[in-house]
Amino acid sequence: GESVGLHLPTLSVQEGDNSINCAYSNSASDYFIWYKQESGKGPQFIIDIRSNMDKRQGQRVTVLLNKTVKHLSLQIAATQPGDSAVYFCAETTSYDKVIFGPGTSLSVIP
Amino acid sequence: DGGITQSPKYLFRKEGQNVTLSCEQNLNHDAMYWYRQDPGQGLRLIYYSQIVNDFQKGDIAEGYSVSREKKESFPLTVTSAQKNPTAFYLCASSTGQGSGELFFGEGSRLTVL
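Chains A and B supply the protein sequences, listed in that same order. Numbered per this note's numbering, the first sequence spans residues -15 to 94. Numbered per this note's numbering, the second sequence spans residues 1026 to 1138.
Heads up, some of the hints might be wrong.
Said to hold, decoys possible - A partial selection of chain B residues facing chain A, derived with a Cβ cut-off under 8 Å:
{"no.": "1", "residue": "Y1058"}
{"no.": "2", "residue": "L1070"}
{"no.": "3", "residue": "L1115"}
{"no.": "4", "residue": "L1127"}
Claimed, not checked - Derived EDC-like pairs (lysine to aspartate or glutamate); straight-line CA-CA distance at most 20 Å:
{"no.": "5", "chain 1": "A", "residue 1": "K81", "chain 2": "B", "residue 2": "E1126"}
{"no.": "6", "chain 1": "A", "residue 1": "K39", "chain 2": "B", "residue 2": "E1126"}
{"no.": "7", "chain 1": "A", "residue 1": "K25", "chain 2": "B", "residue 2": "E1040"}
{"no.": "8", "chain 1": "A", "residue 1": "K81", "chain 2": "B", "residue 2": "E1087"}
{"no.": "9", "chain 1": "A", "residue 1": "K81", "chain 2": "B", "residue 2": "D1055"}
{"no.": "10", "chain 1": "A", "residue 1": "K81", "chain 2": "B", "residue 2": "E1040"}
{"no.": "11", "chain 1": "A", "residue 1": "K25", "chain 2": "B", "residue 2": "E1126"}
{"no.": "12", "chain 1": "A", "residue 1": "K20", "chain 2": "B", "residue 2": "E1087"}
{"no.": "13", "chain 1": "A", "residue 1": "K81", "chain 2": "B", "residue 2": "D1079"}
{"no.": "14", "chain 1": "A", "residue 1": "K81", "chain 2": "B", "residue 2": "E1097"}
{"no.": "15", "chain 1": "A", "residue 1": "K20", "chain 2": "B", "residue 2": "D1079"}
{"no.": "16", "chain 1": "A", "residue 1": "K25", "chain 2": "B", "residue 2": "E1049"}
{"no.": "17", "chain 1": "A", "residue 1": "K20", "chain 2": "B", "residue 2": "E1097"}
To be verified - A few chain B positions that, by computed beta-carbon distances, are all more than 12 Å from chain A:
{"no.": "18", "residue": "Q1031"}
{"no.": "19", "residue": "E1040"}
{"no.": "20", "residue": "G1041"}
{"no.": "21", "residue": "P1100"}
{"no.": "22", "residue": "S1105"}
{"no.": "23", "residue": "A1106"}
{"no.": "24", "residue": "S1124"}
These are computed hints drawn from the structure, not numbers from a lab. Glycine is no exception: its CB is placed at the ideal position from the N, C-alpha and C atoms.
Hey, can you work out the whole structure from these sequences and the hints?
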């Protein structure tokens, strides 16, 4: 389930195909990016999408951008326990300025 | 190996003391960044620099200072004016071409006693 408040929203999911969502507010952002952060480490780049695109596929991941409702999603195929981490969406609000969203904690149950 | 090196990994300081966190990169990247992360929270931008001898404030710059005298180095000073300095500090770099793909260091955890 998902919880909000002072802690990161949490998704507990079964192995398989899963999706993480993010809402953004700045219509002028040029790039939208997904990062993965494991406990005690710095975030790692997963995939990005330019604002003039709707979909981009990577290795086992797909990012979808819906500019009409200002919504970004990350689809992960064949999610495994090793994918458990905190996932952040980010956007470039002006050239080179990268702002992160609040993050979602993903827990994949075997 | 190319990458971002932050030091120290853990740091303890008394209230009222200034602290400088080191960040070095050998990726030949133009842009460098400092973010702050509190437990269970997202990353908040403190300062960023697109080029040597130039930097811009992020969303929470008060109580912090930076310098960018060399391309590979972007140290962050947490001053005594920062009211709640205990946090995890992350440094990052990018090519500076606006794509938002950042390369992060392992972070520095600062605890003020």
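20 Å Cα cutoff - pair A:K81, B:E1097: Distance ~19 Å between A:K81 and B:E1097 Cα, so the pair holds.
Hint check: 8 Å Cβ-Cβ cutoff, B:L1115 to chain A: holds (5 Å)
Next pair to validate is A:K25 with B:E1049; report whether the Cα-Cα distance is within 20 Å. holds (17 Å)
Against chain A, does B:A1106 keep a CB gap of more than 12 Å to every residue? holds (23 Å)
Regarding the pair A:K81 and B:D1055, is the alpha-carbon distance no greater than 20 Å? Between A:K81 and B:D1055 the Cα gap is close to 13 Å, so the pair holds against 20 Å.
Does A:K81 pair with B:E1087 here, judged by a C-alpha cut-off of 20 Å? Holds: A:K81 and B:E1087 sit about 18 Å apart, inside 20 Å.
Does the no-contact call for B:S1105 survive, Cβ to all of chain A over 12 Å? holds (27 Å)
Does B:E1040 sit more than 12 Å from chain A, CB to CB? holds (24 Å)
Verify that the Cβ of B:S1124 lies farther than 12 Å from every Cβ atom of chain A, and report whether the claim holds or is violated. violated (5 Å)
Going by Cβ atoms only, is B:L1070 closer than 8 Å to chain A? With a minimum Cβ separation of about 6 Å from chain A (threshold 8 Å), the hint on B:L1070 holds.
Decide if the proposed pair is consistent with the structure: A:K81 and B:E1126, CA atoms, cutoff 20 Å inclusive. holds (11 Å)
Please check whether the beta-carbon of B:G1041 is more than 12 Å away from every beta-carbon in chain A. holds (28 Å)
Violated hints for the displayed structure, listed by number in ascending order: 7, 10, 12, 15, 17, 18 and 24.
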